[in-house]
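Enquirer: Chain L is fixed; fit chain D onto it per the hints.
Heads up: the protein sequence lines correspond to chains L and D, in order.
So the mapping is simple: our numbering equals the position in the first sequence, first residue as 1, plus 4.
So the mapping is simple: our numbering equals the position in the second sequence, first residue as 1, plus 10.
None of these hints come from the bench; they were simulated from the model.
Careful, some of the hints might be misleading.
[As the list claims (entries may be wrong)] Among the chain D residues that face chain L by a calculated CB cut under 8 Å, a handful are:
1. 39
2. 144
3. 206
4. 295
We put the CB at the ideal spot given by N, CA and C, even for glycine.
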Amino acid sequence: MRFFGEPIEFDKQAGIGSPVWRGRAQSSEAMQAFAVAVHRNHGRLAALWGEDRRGGGDGFRLHVAFGLDMGHAWLGLDLPAERPVYPDLAGIFSAANRMQRATRDLVGISNEGGDQRPWLRHGAWPADWFPLRHDAGEGGGFVNAPTDYDFVRVGGEGAHEIPVGPIHAGIIEPGHFRFSVIGERLLRLEQRLGYQHKGVEKLFIGRNLAEGARLAGRISGDSTCAYAWAYASAIEAACAVSPPPRALLLRALMLERERVANHLGDLGALGNDAALAFGFSQFMRLKEDWLRLNAQLFGHRFMMDRIVPGGVALDLEAPALASIVEQCDGVGRAVKELKKIYDEHAGLQDRFVTTGAIDAQLARDLSLSGMAARATGLILDARAHRTGYTPPPPWAMLGVRPVTDERGDVAARAALRFGEIFESLRLLREIAVGLPDSGLCAEVPPAAGGQGLGVVEGWRGEVLVGVQLDDAGRLARVHPHDPSWQAWPALEHAVMKDIVPDFPLINKSFNLSYSGADL
Amino acid sequence: MSISGLLWQLFAIVLALALAPLLTGWVNQCRAWLQNRSAPPLLLPYYMLHKLFLKDVVLAHGASPIFRFAPFAVFGCMLLACAIIPVLSTDLPFAPAADTIALVGVFGLARIFISLAAMDVGTSFGTLGGRREMLVGFLAEPALLMVIFTLAMIAQSTSVATIVETLAHREFVIYPSLAFAGIAFTFVSFAENARVPVDNPATHLELTMIHEAMILEYSGRHLALIEWAASLKLYAYSCLGLALFFPWGIAQGDSFLGLLVAIPMLVAKLAIGGVLLALIETLNAKVRIFRAPEFLGTAFLFAVLGLLVRLLLESRV
Chain L
5 MRFFGEPIEF
15 DKQAGIGSPV
25 WRGRAQSSEA
35 MQAFAVAVHR
45 NHGRLAALWG
55 EDRRGGGDGF
65 RLHVAFGLDM
75 GHAWLGLDLP
85 AERPVYPDLA
95 GIFSAANRMQ
105 RATRDLVGIS
115 NEGGDQRPWL
125 RHGAWPADWF
135 PLRHDAGEGG
145 GFVNAPTDYD
155 FVRVGGEGAH
165 EIPVGPIHAG
175 IIEPGHFRFS
185 VIGERLLRLE
195 QRLGYQHKGV
205 EKLFIGRNLA
215 EGARLAGRIS
225 GDSTCAYAWA
235 YASAIEAACA
245 VSPPPRALLL
255 RALMLERERV
265 ANHLGDLGAL
275 GNDAALAFGF
285 SQFMRLKEDW
295 LRLNAQLFGH
305 RFMMDRIVPG
315 GVALDLEAPA
325 LASIVEQCDG
335 VGRAVKELKK
345 IYDEHAGLQD
355 RFVTTGAIDA
365 QLARDLSLSG
375 MAARATGLIL
385 DARAHRTGYT
395 PPPPWAMLGV
405 RPVTDERGDV
415 AARAALRFGE
425 IFESLRLLRE
435 IAVGLPDSGL
445 CAEVPPAAGG
455 QGLGVVEGWR
465 GEVLVGVQLD
475 DAGRLARVHP
485 HDPSWQAWPA
495 LEHAVMKDIV
505 PDFPLINKSF
515 NLSYSGADL
Chain D
11 MSISGLLWQL
21 FAIVLALALA
31 PLLTGWVNQC
41 RAWLQNRSAP
51 PLLLPYYMLH
61 KLFLKDVVLA
71 HGASPIFRFA
81 PFAVFGCMLL
91 ACAIIPVLST
101 DLPFAPAADT
111 IALVGVFGLA
121 RIFISLAAMD
131 VGTSFGTLGG
141 RREMLVGFLA
151 EPALLMVIFT
161 LAMIAQSTSV
171 ATIVETLAHR
181 EFVIYPSLAF
191 AGIAFTFVSF
201 AENARVPVDN
211 PATHLELTMI
221 HEAMILEYSG
231 RHLALIEWAA
241 SLKLYAYSCL
251 GLALFFPWGI
261 AQGDSFLGLL
271 VAIPMLVAKL
281 AIGGVLLALI
291 ETLNAKVRIF
301 RAPEFLGTAF
311 LFAVLGLLVR
321 LLLESRV
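Here chain D stands alone, though its shape is the one from the complex:
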């Protein structure tokens, strides 16, 4: 670990905090354009956060400390996730602290807190949302783990940094297993980030919500942290996907030049990813909630196929 490594690590975290709402704004803008609507301002998520931080918090009478603590816990988890994922460089001082399996655990921890908080106040919608979130979560996590196992077998390591290094900086090889894993990862990302076809981030219908139902009782800075955490999660998943499947451009060491290239590469990749996300969301309707297990089951199947292809066909590679 070097001083410059530490600085770049800090820079990566600040970059995540700054870029995450922009990515959300960009996806919303693309969605609006694809629906022939005039788009909201790109910076709207920042204005929202600003507004929410200025507002007072309204707490339910029955709220326990869990309810107040959860936004900070969720925000912290997402920030940690963003620190672990090699966004700009693989030489991250924090990266050895947690491997990909721990990363899945960090996401799981955030889920547990938000679900507990949702049930804490005792409203029917919170409980409904918490219940559905756990249903989606316990199906998404195994699929995500299977994807990671496939990649870990290629890289002979579960460290994200090592996986990215292996895939990006060694001799160029096409891995068919990666295609399966990539599809599975995309499915999981949609479910985990409460996007269409599993959830609808734009809905106002209480009875159909998953993520939104859990945070209905939040206000003020608590809501701001949760909204920011949701943006960070989308950013983390996007960066994880880009790092695992399109790792080109991520700097290997902490060379200044490599990092200088990495930043515009990252922005460009995120912009393209945002367009694709908006496109898929626009083309699809939301599935019935009992179809969500099918959707995630398919993701799991693809992940297992990836693993099998790796084991049976690519074992000599």
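Just chain L, same shape as in the assembly:
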């Protein structure tokens, strides 16, 4: 099928995961024209990555995934081995900027024109060595040569810079924030990330499917279920396998438990950042109980390695399901009480309301997905019905009600978390009482040369994993994509009308992943 009348043929990928259409652009002009058409029709740039296919006699391939109303369009563009360049997409989708730079740093295919600063390469390896090329070898032995990074300078009377990080006063992940300020007022924020780069994508190359599943679950600890499911879904699409219904519902159960755990933690941390330590200790207690039940039922506090290609790795018996329902009731009551306290606390609301606001137009321009986008009023949830979109099983039968808020500020993102906790608790109860009897895991015969894209609505937003198998059925290229790629630039915009001491609160309201984006 074709989208928006553009002359690119798309085929729906196999499997029962999120709807994805695969297509191949014949020229970079065709890709650029398609991107423009997607942008014009309010589509999003979902992910962008590169692949070295020179082993099979081809050149390089640029992969671009677009988020459309009905699902995802996954576009490939073959580039010649001698000169792997493509036209800059950041002019159409600003979210492309960092993804293009990361692709250049890792695979050595680059955008023509536009921002040419390195992104993930901080000088730990030379500029003419590309770790994801098959002839790159193991690397190592490079002299660490940190380079100066060209931050955008803000001039004028009284304007000055505050550099923050990558080492912070608290125990958090490393990232550098360059604030340009006048007094307390923020004029500009520029982030520099990549300190957590550890070569995860290179680690995937040559592994078998089961090893890949373990690695995918370790990309971002707070989203391990989302990544494991997205990876499994990509493998299932590549190998044309459908997991049994019970497995799908158990996956949904784990994903919702992950969502609730993270939202509980974030709500506590939001209170703490406004110096309401009472909220912090209350929510942390709830989160701890929640994680302990995870450990008891799933054998792991974050439920790592429980979602595998083909299905799930464990089953829940009736008493376990009963304890989940019981916990949902208890947590629901407690969160309701705490919501009342948060809503009625004048000091807290004063900090939350209007702080760090972004609007729906900006969210669309930045290709934002997930919670941050829903907090601006966009109905973007891979689990929920919307015009033209039918969610994949098991979500279609669960009838997920997407939570939205129009305000786009810290208060909206806090309110959204409360709303999503209640919705997730409802889903958990529904799943626990209506779990069908079926197998737990389908056989996954590795399909030589297969490829697939998995999309899962994690707690932060849309988690994508693109997979390419080699001729032996092993992993040739895996690209995991965290929603933080799109949301980090949104944070730069969100702080613009605010003051320096409000930044930690705004940052926490997004709570983005460093590790998931730096890979």
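Expert: For chain D alone, kept in the frame of chain L given last:
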């Protein structure tokens, strides 16, 4: 001045040095309890000081003598403040040396040193903290002075000892102006001691800090002195508040019996004050930094109201 007066003066200073970290520990403990957390040990501040005094000092390359001198200056100022405030007895040999206005000046001097030291090393956080501290300080000081003027008008003197004597040991009279002044003083104390809702002593977020941002570069014995000085400041403010608004129990002369009563009274009053402080901190969130002027403006307003009530309604008293 008598020998015994001098001894009691020294005792009051030693008591301040010993009790101040305990008060900090007690407030932290109450905060933890109110937040349903298990509390840190009551003596934790002492362990901290001990640890810090044993550690080496790490100095920034660009640190000038001001940076090294500031902890001693701040500590000295706080110690002097504790010596001036009648904690146990109003018969203090040091008390005539400085009145309440000078006391405000002593606090101001400490503020200037710590802010200068914060900016000295040239880190962005130090400058940020120093700037915010001056913003809070220049709003808090006038409010504090207005509170003191109200009290000075009641006692016809700006000497702390005389004010306390007047209020505690004369015929019992209820002054409405004192209520306004008391509220204003409480507001100022929260701002001056870097407590919620103006600052958060427990935060790890560099960008929101005021007091903590200024001392980020300090280590070893310098940090120990600053931490001890911060405890002394809280103790001084608490004792000043207790002496001005709840002066009962403070001994008038240097009679041994009166002082014997004064010590347990002081400890009891500080313990109750600590609970109230922790309670207010737990119930409130931190305000936006640009709301701090509003907060202190309110304090100033209350102080002025106190003064007006004194002038207009109580002038015959």
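Enquirer: Against each hint, give a clear statement of whether it holds in the structure.
Expert: Against the structure, the hints come out as follows:
1. Annotation: interface hint on residue 39 of chain D violated; nearest CB of chain L at approximately 14 Å, more than 8 Å.
2. This hint is violated: residue 144 of chain D has a C-beta 12 Å from the nearest C-beta of chain L, more than the 8 Å allowed.
3. A hinted interface residue such as residue 206 of chain D counts as satisfied when its beta carbon comes closer than 8 Å to some beta carbon of chain L; here the least separation is about 5 Å, so the hint holds.
4. Because the beta carbon of residue 295 of chain D sits about 4 Å from the nearest beta carbon in chain L, less than 8 Å, this interface hint is met.
In summary, the numbered hints that this structure violates are 1 and 2.
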